[in-house]
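2 protein chains.
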Amino acid sequence: MKRLKRVQEKIKQKRLDAFLITNLKNIHYLSGFSGQGIKVLVTREETFFFSGTLYYEEAKERVPGSFQIIRETKPKFFRPFKRLGIEESSIYLKDYFLLQRLLPKVKFVPCRDFIESFRLIKEKGEIELLKKSATVTREVFSSLIKQLKPGMSELKVAGVICGLLREKGAEDESFPPIVASGRRSSFPHATASKKVIKEKEPIILDFGGMVGGYKSDFTRTVFLGKMGKKENRIDTLLKKAVSLAMAEIRPGVMIGKIDQAARHLLNREGYGKYFIHNLGHGVGLDTHELPFISPKSRKRLKDGMVFTIEPGIYIPGWGGMRKEDMVVVTKDGCEKL
Amino acid sequence: MKRLKRVQEKIKQKRLDAFLITNLKNIHYLSGFSGQGIKVLVTREETFFFSGTLYYEEAKERVPGSFQIIRETKPKFFRPFKRLGIEESSIYLKDYFLLQRLLPKVKFVPCRDFIESFRLIKEKGEIELLKKSATVTREVFSSLIKQLKPGMSELKVAGVICGLLREKGAEDESFPPIVASGRRSSFPHATASKKVIKEKEPIILDFGGMVGGYKSDFTRTVFLGKMGKKENRIDTLLKKAVSLAMAEIRPGVMIGKIDQAARHLLNREGYGKYFIHNLGHGVGLDTHELPFISPKSRKRLKDGMVFTIEPGIYIPGWGGMRKEDMVVVTKDGCEKL
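Chains A and B, in that order, give the protein sequences. Everything in the first sequence is counted per the numbering used here, starting at 1 for the first residue and increasing by one. Everything in the second sequence is counted per the numbering used here, starting at 1 for the first residue and increasing by one.
In isolation and in its complexed conformation, chain A is listed as follows (with noise of 0.2 Å):
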């Protein structure tokens, strides 16, 4: 297992004795598989894979032989230690003050991104899976759109996202699937409701499904019926925004220009105040992950890592369009997943 090298590489690095996980994603990033109430503990020579009960079966025939699957979580495990690291960006209050209380000599060192900063870059394996929860998602869509009509709720055309989802061979979906319609296409981040969809409205489809593990994202908004001439106007101007964006995308970039290069157009045509998020973010394993695609951020592109790219506008009252790709930084370039 090359990643739990790393890990235990970094586990020297920073003088830990040991690094305790209890964010779910780096456990399958880890093990390939997690579930509720799961944790993993690297120490420098060993990993154990506390199962609970509920998993622990499961665990034995799924989790490879480098783990030792260990049903009940004892503090006899950590008692060892001095310097213990712990994801601080995962572990609850509750759950810190316990270990505090039950192992009063170790010293419990927060740590950020001590894993998600591997996941940042993904490996080949990863492309792969992202490329084909992309194509399901993308196939997903293809047969949406011919189901379409005016009279179903924003709840029916969900359904129909889910089970195609599955259908097409994804294991989940990544999230709520968002289904806004008309007004509601305002705001943002609106799960599906028990509105119906019209004619010549806004619909915006704004979801993915899950395979491997890895996620994807993806958003249309579509109309049923003609477009208007405003709503003509922004689509145009919402693909050239991603244009602008991806054709800033390569190794070495400062992430923020990506998006300001898509924010430049926006603002230049009026709409810079209703594009009201990040142009984008990270997705693999969660679906918001590093890197964070923000105007600020002054951090480096790298070959391998993938995003989404997505600019919206969003008009209080009126309705909103967004669209949404995948990319993955390649070494001359991007390339839409």
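Any given hint might turn out to be false.
If chains are identical, the list can't say which one is meant, so a pair holds when it fits in one copy or spans any two.
Stated by the list, open to error - List of simulated lysine-lysine pairs, DSS-like, C-alpha gap at most 27 Å:
| id | residue 1 | residue 2 |
| --- | --- | --- |
| 1 | Lys124 | Lys194 |
| 2 | Lys230 | Lys149 |
| 3 | Lys273 | Lys76 |
| 4 | Lys10 | Lys302 |
| 5 | Lys200 | Lys60 |
| 6 | Lys198 | Lys60 |
| 7 | Lys2 | Lys132 |
| 8 | Lys146 | Lys168 |
| 9 | Lys168 | Lys194 |
If you're looking for bench data, these hints aren't it; they were derived computationally from the structure. Since this is a predicted model, take the numbers as computed values, not measurements.
Take the given structure of chain A and dock chain B to it, following the hints.
Chain B alone, transformed into the frame defined by chain A:
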């Protein structure tokens, strides 16, 4: 808002100046709306709803007037406080450290189950939503079993469940449906896989829908074709275990007794070691919430509690069977939802 008033009373009782809510279900409980990153601050006189940019417009429409909708969480809202309650079960260590840094003069008081203890006893309106949610789920089950055929993959079945749930009126599934067939049925929490379902093997179907934010949780183990002798025996035992447990339920009874009533039967019949989890758990805005129906619980039942009764038997290498229903405690007993 009666619920907000109760929070404010409790704030005074605990000699706090204010209480910061980071648990999204607790926020939904108080305001009817929530979303990622939203926080609520209840002071002795006022209530602030920190929506963030993404939810600002939606919150203005959906959150009651007793809340002040604030786009950005700023330290100035917190500075006047000496003692600020926080939710230790739903605040991450990172955010706790951040609060300490931003508000060096505030004393933080970690609280547990501050609002969850209100949620433990369901009001009439909540029970109605839970009933609707249970009804939708049962309807889905009835449609589903007519469609089940050997040769369908577990994932295909899960897809049908997700589609049907929304068609029948749920907003979302309570959790990714568990469809675990054959040997996989011995894994209590196995989510659906590519495995194809066959005749004469146990197929655990564990799913639920969400209605008005309230979840249901329901399990049946079905067989395509005739059940074997052993399966029949276990099926009878599980039904009996549910009846024995239900017969114990009424206000005032110690919670542990309910679990023990079922567990005792399974122990006596030699299946005790295969019943590896609690008999049940509360259900409401969360799929798993208070009360936990464990054999050791010394707490007492109260009118209005809603929880599952779900005895299960998991025989490694052979398979598993589980039966799960939701009940509400009434004045003199209980009622299946």
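Do the hints match the structure? See the list:
1. Proximity of lysine 124 and lysine 194 under a CA criterion of 27 Å is satisfied inter-copy only: 23 Å between copies versus 41 Å inside one chain copy.
2. In this assembly of identical chains, the alpha carbons of lysine 230 and lysine 149 lie at most 27 Å apart only when taken from the same copy (22 Å versus 49 Å across copies).
3. In the homo-oligomer, the alpha carbons of lysine 273 and lysine 76 lie at most 27 Å apart only across protomers (25 Å), although the nearest pairing inside one protomer, at 56 Å, exceeds that limit.
4. For the homomeric pair lysine 10 and lysine 302, the shortest alpha-carbon distance inside one copy (20 Å) is at most 27 Å, but the shortest distance between copies (51 Å) is not.
5. Taking the shortest alpha-carbon separations for lysine 200 and lysine 60, only the inter-copy value of 26 Å comes in at or below 27 Å, while the best intra-copy value is 54 Å.
6. Taking the shortest Cα distances, lysine 198 and lysine 60 sit within 27 Å of each other only across copies (24 Å), while inside one copy they are farther apart (51 Å).
7. Within a single copy, lysine 2 and lysine 132 get their C-alpha atoms as close as 23 Å, which meets the 27 Å cut-off; across copies the closest is 49 Å, which misses it.
8. For a Cα distance limit of 27 Å, the shortest separation of lysine 146 from lysine 168 qualifies both inside one copy, at 16 Å, and across copies, at 22 Å.
9. For the homomeric pair lysine 168 and lysine 194, the shortest alpha-carbon distances inside one copy (26 Å) and between copies (11 Å) are both at most 27 Å.
Figure legend: structure checked against the earlier numbered hints; every hint is met.
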